[in-house]
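Using the sequences and the hints, build the whole thing.
Here is how the chains run, residue by residue.
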Amino acid sequence: MQQIFNFIFKNSILLLFLLLLGISLTLSIQSHSYHRSRAVTSANAVTGYVYEQINSVEEYLSLKGQNEALASENAQLKKLLFNTQDTANRPPVDIPDAMGNYKVIQSKVIKNSYNVHENYLTINSGRNQGVKEDMGVVSSLGVVGFIEKTSPGYSTVISVLNLKFRLDAKIKKNNHFGTLTWNGKNTGFAQLTDVPRLATVKKGDTVVTGAESRIFPENIPIGTIEKVYVDKKTNYYTLDVRLFNDMTSLGHVYIIENKDRDEIIKLEEETNVTNEQ
Amino acid sequence: MNSSVILNIFRFILLLALQVVVFNRIDLFGFINPYPYILYILLYPVNGNRAGLLISSFFLGLTMDMFLNSGGSHAVACVTLAYLRSTFFKFSFGVSYEYQTVKINDRLSPERFSFILISVVTHHLILYLLEVFRFSLILDVLLRTLLTTIFTLILCIIIIYLIKPGKQ
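Protein chains in written order, with numbering that gives the first Met the number 0: chain A, 0 to 276; chain B, 0 to 167.
Check each hint, because a few of them may be wrong.
Unchecked claim - Only part of the chain A face toward chain B is listed, based on derived beta-carbon distances under 10 Å:
#1 L24
#2 K110
#3 L120
#4 L197
#5 V200
Said to hold, decoys possible - Here are some chain B residues the structure puts well away from chain A; computed CB gaps all over 10 Å:
#6 S69
#7 F112
#8 L124
#9 I149
Hints were generated in silico from the structure; no laboratory data involved. Here the structure is a predicted model, which means the values were calculated and not measured. Ideal Cβ placement from N, Cα and C applies to all residues, glycine included.
Right, here's the structure in full:
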């Protein structure tokens, strides 16, 4: 017994070091395993408050640009409004209502990151505003990411520029599906992988979110095809997609809640269970 | 003794604040951010409480992880640097460093330079290895470590010169 105590006293610094190293290594390695696995995030009151203060100063420098972006988005929406089809010609079922049930929450990016391989954004709305995990985040130009963690007042967002980001996307013209990922190299481009070889793809075609995504509504713009090449391992096309969003300067964003998401997931789980039996 | 504790707490907060507000948003060439906040670990008194250094370094790193959303890589790098600090002292200043009054916070000599260099390289290498965490990107890790080390080193030396007590 005496010897054990002596050992502990003699090596107390080493033991303390190993304890702290163990804790931090666990946190660090865990954070890479799958999404929503991180314990330490900037979605908390302290970091959120600090970033909000910094952002409120910084905002003045970009006010003009933000206003112009909002005005051009308004113009876009006005165009949609003025060009609505005659209601008499409409199909009897209102398609958007029948297809999904989406709610939109307005928010603002207070901390942007684009210089590492796993980038996260912090936004200034959280559980109190109705934000939940796995909601989609878009800007007026296109997809930004989806919610990872929430706190009462803030949330963190997995950005498109994150090696853990996965999204079902399709080529708008011919509806061929692929998976949108990022290869960690250029902040202006994401990659659409696993596009079948029989698809006709051309430089300049638009890529939008696919119907299989349970997070985003269909047909939200992502970017345009910049380069096409064949993946040697899988023999599928990989496309470089030039993102519509400038991920290095984000301001106001919208959080999209798919109210049917839980129902769809539950249904799919039940189907899988019955199939396995 | 008491004033040195207060000085260290002040340094902890000031370096953390500077790091979050200024240095994390430099983004030189799009990806290089210096991390001069590790000066807290380097400037901690040579004969100070080692357990105190380890615990405060852990929380320093953890706070950085919170601000930067980096999981826990800053905490690992800081704790390791805090533990290895005495080894680096021995390496740079000789075995009997504890008996000489070693001061980092002074004019730049080859010993001080080598100490800061080894510390910065160790910290950054561990940090980027854990932050990237993919063997396929190992070249990227090395490139980032090299470039950021240069940047951090220059900034650390400038800061040391700025806060150096005026009269020698």
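Task: Violated constraints from the hint list, given by number and in increasing order - done: 4, 5, 6
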